[in-house]
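Asker: As a plain string of letters, each chain reads:
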Amino acid sequence: MAGQESVYRAVNSKRPVNLDLSTIQFPLPALTSIVHRITGVILFIGLIFGFWALDASLSSPEGFAAVKDALAGNFLAKLIAWGLLSALAYHFVAGIKHLLMDVDIGVTLEGGIKKAQITVVASAVLIILAGVWVW
Amino acid sequence: MVTNITNLGRSGLSDWLLQRASAIVLALYSLFLVGYLLLNPGLDYATWSGLFAQTWMRIFSLLAFVSLAAHAWVGLWTVTTDYLKPTGIRVATQFIIILAIFVFLVWGIQVLWGA
Chain A
1 MAGQESVYRA VNSKRPVNLD LSTIQFPLPA LTSIVHRITG VILFIGLIFG FWALDASLSS
61 PEGFAAVKDA LAGNFLAKLI AWGLLSALAY HFVAGIKHLL MDVDIGVTLE GGIKKAQITV
121 VASAVLIILA GVWVW
Chain B
1 MVTNITNLGR SGLSDWLLQR ASAIVLALYS LFLVGYLLLN PGLDYATWSG LFAQTWMRIF
61 SLLAFVSLAA HAWVGLWTVT TDYLKPTGIR VATQFIIILA IFVFLVWGIQ VLWGA
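Protein chains in written order, with my numbering: chain A, 1 to 135; chain B, 1 to 115.
Since the hints were derived computationally from the structure, they do not count as laboratory data.
Just a few of them, taken from the derived set where beta-carbon distance is under 10 Å, the chain A residues facing chain B:
1) VAL41
2) LEU43
3) PHE44
4) ILE48
5) LEU54
6) SER60
7) GLY63
8) PHE64
9) LYS68
10) LEU85
11) LEU88
12) PHE92
13) HIS98
All residues carry an ideal CB built from backbone N, CA and C; glycine is no exception.
All chains should be modelled from the sequences, with the hints used to inform the complete structure.
Answerer: Here is the structure:
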């Protein structure tokens, strides 16, 4: 395949390649993309808490009270709830950005930077609101 | 065409579509749950378990859990294939992820129908 050949050529060429990520300055769209991945991983791990809370809250009135009390008075539980809501808020907003790109909205350099900025601001607002809700 | 035996749809385009469809289901489910909890601040057990006793809520929840399984696999498959280069470590990590997804799915079904 021609595509594969060109990849081999690029890989084997003598041109300088900089793959030391710590020396590369990431533009904002790259950072928002990486955070989208990180929040995805966090949410997956956080499912343990989510399913535990759902299971306990639906199992019995006592279980429901235990979840409610934890979210009302336990600092660690509040912190986890806020953390997971924050990750969800960010992942949600960045996901909407992806869907917009899929339908060809703002797929330019300027549009990409603007959408990354909107992602940061919108998710920051949601994260603050989530904090207000939890506390 | 790049073929791979560990991605969900066996084709990038299929994975791409699955990721979008499952994302929309998960977005709607998240919005519903957050909205429901915001609108019912003094929620009690009877109301909460009554919601999950409804057939439509169980269907919606199961749809969300199945979407979650697909979404998590496509996403974590992408992340693991991008960053975990040694085959042994990558495959072992992917095995643990698949196991975790299976546990979450069975757990979710049990929560919905077990009580």
